[in-house]
Amino acid sequence: MTSERPVLLRVRGVGRRYAGVTALAAIDVDVRGGEVLAIVGENGAGKSTLLKILSGVVQPSEGTLEVADARGALGGVELDGVRDATRAGIALVHQELNLAENLDVAGSIYLGREPSRFGFLDRARMRADARKWLARVGLEIDPGTLCGTLPIAQRQLVEIAKALSTESRVLILDEPTSSLTMRETDRLLEIMDELRRAGVAVVFVSHHLDEVMKIADRVIVLRDGRKTGELVRGEYDRAMIERLMVGRDIAASARREVAANAAVRLEIASLTSAHRRRRPVSFAVRAGEIVGLAGLVGAGRTEILEAIAGVTTHGGEVRLDGSALAGDASSRVRRGVAIVPEDRARNGLFLENPVAMNMSLAWIDRTSRARLVDQRAEPSLVSRMIARMQLRPPQPARRVQTLSGGNQQKTVIGRWLAVDPKVLLLDEPTRGVDVGARAEIHAEVRRLAEAGSAVVFASSELEEVLLLADRIIVMHDGAIAGELAAHEATEVAIMHLATGGAAHAHQTGTHA
Amino acid sequence: MKRALGIIGIFLAILVFSIFFAENFTTGINLMQLTNRTALYSVLALGAALVIVTGGIDLSIGSVVCLAGIMTPWLLIEHEWTPWQVIPTVLAMSAFIGLCHGLLITRLKLQPFLVTLCGLLLYRGIARWMTGDQSQGFMGEYGDVRAIALAKFSIPGLTDYRLPATVIPALVLAILIGLFLSRTVWGRWLLATGRNESAARYSGVPTAWLVTGSYVACSLLAGFGGMLFIFDIGSAQPSDFGNFYELYAIAAAVLGGCSLRGGEASVVGVLFGVATLRVLQNTITLAGYSSQIEFAVVGGVLLLGVAADELIRRYAARRLERAGAVA
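Taken in sequence, the protein lines are chains A and B.
Heads up: the first sequence begins at 290 in my numbering, then just goes up one per residue.
Heads up: the second sequence begins at -7 in my numbering, then just goes up one per residue.
Keep in mind the hints are simulated off the structure, nothing from the lab.
Glycine included, each C-beta is placed from N, C-alpha and C at the ideal position.
Across the chosen pairs, the derived CB separations fall in these ranges:
{"id": "1", "chain 1": "A", "residue 1": "Gln684", "chain 2": "B", "residue 2": "Lys101", "range": "34 to 40 Å"}
{"id": "2", "chain 1": "B", "residue 1": "Leu7", "chain 2": "A", "residue 2": "Leu661", "range": "32 to 38 Å"}
{"id": "3", "chain 1": "B", "residue 1": "Phe88", "chain 2": "A", "residue 2": "Ala413", "range": "54 to 60 Å"}
{"id": "4", "chain 1": "B", "residue 1": "Lys101", "chain 2": "A", "residue 2": "Arg736", "range": "36 to 42 Å"}
{"id": "5", "chain 1": "B", "residue 1": "Gly132", "chain 2": "A", "residue 2": "Pro668", "range": "57 to 63 Å"}
{"id": "6", "chain 1": "A", "residue 1": "Pro668", "chain 2": "B", "residue 2": "Gly1", "range": "29 to 35 Å"}
{"id": "7", "chain 1": "A", "residue 1": "Leu661", "chain 2": "B", "residue 2": "Val298", "range": "31 to 37 Å"}
{"id": "8", "chain 1": "B", "residue 1": "Leu91", "chain 2": "A", "residue 2": "Arg736", "range": "41 to 47 Å"}
{"id": "9", "chain 1": "A", "residue 1": "Val371", "chain 2": "B", "residue 2": "Asp232", "range": "51 to 57 Å"}
Covered stretches of chain B (chain A as the covering partner; in silico rule of three or more C-beta atoms under 8 Å from a C-beta of chain A):
{"id": "10", "stretch": "174 to 180"}
{"id": "11", "stretch": "188 to 201"}
Selected chain B positions facing chain A (in silico; Cβ < 10 Å):
{"id": "12", "residue": "Leu171"}
{"id": "13", "residue": "Leu183"}
{"id": "14", "residue": "Ala184"}
{"id": "15", "residue": "Gly255"}
{"id": "16", "residue": "Glu256"}
Go ahead and model the full structure; you've got the sequences and the hints to work with.
In structure tokens:
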């Protein structure tokens, strides 16, 4: 069955070294039209390098690429830059979306190759053509809409429409679902399926094995730059992929029991966000408890975490150990409130600075004497935190920019370990983090809870919510839709509440 | 320190050129004046650097120099205040100006460029209006106070070179600011704020106060510098005193390795940046080029320095990427 589909892109023995370090070696892949090919692996396994080679962003140190011509005959090519790849019918949609926010949708799709008449922009034709490509991805929006006003999911579809508009036969998606909600993800998977049926070869990278299992015809597993397996649909299960990815079995987490008599550590009373009109939210978290905030993107979870941390202003009251928390983030940090933000590049890290500076920032004032940085305490504390977070490589002088997503996240979390936070707030704690690092981050969060922290985290991944939380608060449209104890929670029950279903009602229909 | 190496190289090259090609460059009197000027401008540039570190800018430095400088003799001579009243008043006024800038920028979220551009116009206007646009001077009095800037210290073994007193405040400030940035918690926080204001805030850094503080320090140093300048030259016109000084200060800080994007600074670099601009200006005059060309030369050197810095940075980033990127 598979063999009947035409090979559009053939990769043979491809490898890539950076300054003597092998990032990728001896990769053989056939990319076929009408097929969805998933590439999975831990961060650092070589997925990005492979995608970059396929899309002409970097050139392989060894091996060959062959691209099919119009008659289907394969011929060797060198893809020197994205332009070459585009010409060969290969398009990459980046993980970080690249749309200019101030351009409209049509302008974005035709950026750099705008249709013109007598030297003037032919706006009418551009919009008409854009509409055609938008329809291919099931997007019914006005091509005149500004990209900046579109939700992430729609921007992503615009990017895909843009890729298709270059007559691409091979569409490469780098972690396309990492910032989508469950429903948006399902929509994207449908579109990938439609493209597949139209004969397009879809290659995508994902950390979400559920999606991979749902859509992929073939799965290529990478580990440490090598292909550890190529699995064909119907011949594998989830555990097999996980084993090939990490080379070890991932242990399921043991559930913890929170003492019912533990003191209330964090109390939120009629909290309202100053930014958007939201209904007031109240809940309490005991010492040692891990509360998961579930809900769709836009349900108001981030706003709650940021209000508790004091990075945004809010109405209502936040109490820590019975006394009110007031003031901005800096005064709340001093009282033991720590936040790990959703967008770590923007709000969490100093990318150009070393790990040590990133970690010590939150507590150098506590180890200082007379406001002078303690030159001995700082490096020793940083080393301890690096060891505890199992940062790889364990180099305090390394610039955070050069670390993988998982290690960057460990750096942000490690920052707070030295201060024994009373309240730990995590927004999407393992977004863009590989399987191994995810387990380590979860273990560290549990350790902090066991030491008495009240933990509140928000996650769009139901799996993570179910795995980590002792209690689950489901949000819908800015308010608490319901609360579930870990032992009674299921994905279906959470989704029911998150999509506006009534609490305690056992109906199957969902309402948006 | 590594960031300062480039500007030290440029400085030495220009110095060698000046020694060989500018007549009278190595005379004691010229070197004394050069040291004095470098010290005076350093006070301003150090202040500018503190603001640039936060990713901001202060265009009002020259006008604060003018207002503080003009007010000093105006209060002493016209209003017959005592120096013990004048000096604290002028310094407090300068700090207050900085506080206003800082609060407008951090609380009202106005852009530093706009706030301080308004300051540039405002303070010069006030200085000119207050004095009736008349030249202000010490009328030969207050020699004891002016000695803060005018005194010269003999150095054993040197006959025609004596160290100008202005070097002392400049060096003390440089050392204090250097230690502040590298050794204190606030300095670390200030650099972090300049690098990524939002991430600093999420980490519990009181960013608004730090940024406000840096504008206070910058204006305070500009006011203090303005006083030293007027003590040094004796009298000045409100209409042109301190003109373009903010640009000299910013240029020196940038030459010295402070990125206008914020988060990077080198005090040593700033001092060498100032010295480079001063030697250039001095050499242009001494070598007999028309002084009108000075701005063009300074602009050219600044452009070269910044372009070279950017190229080196890119080269380093590429090397880092080649060495470090796996995946």
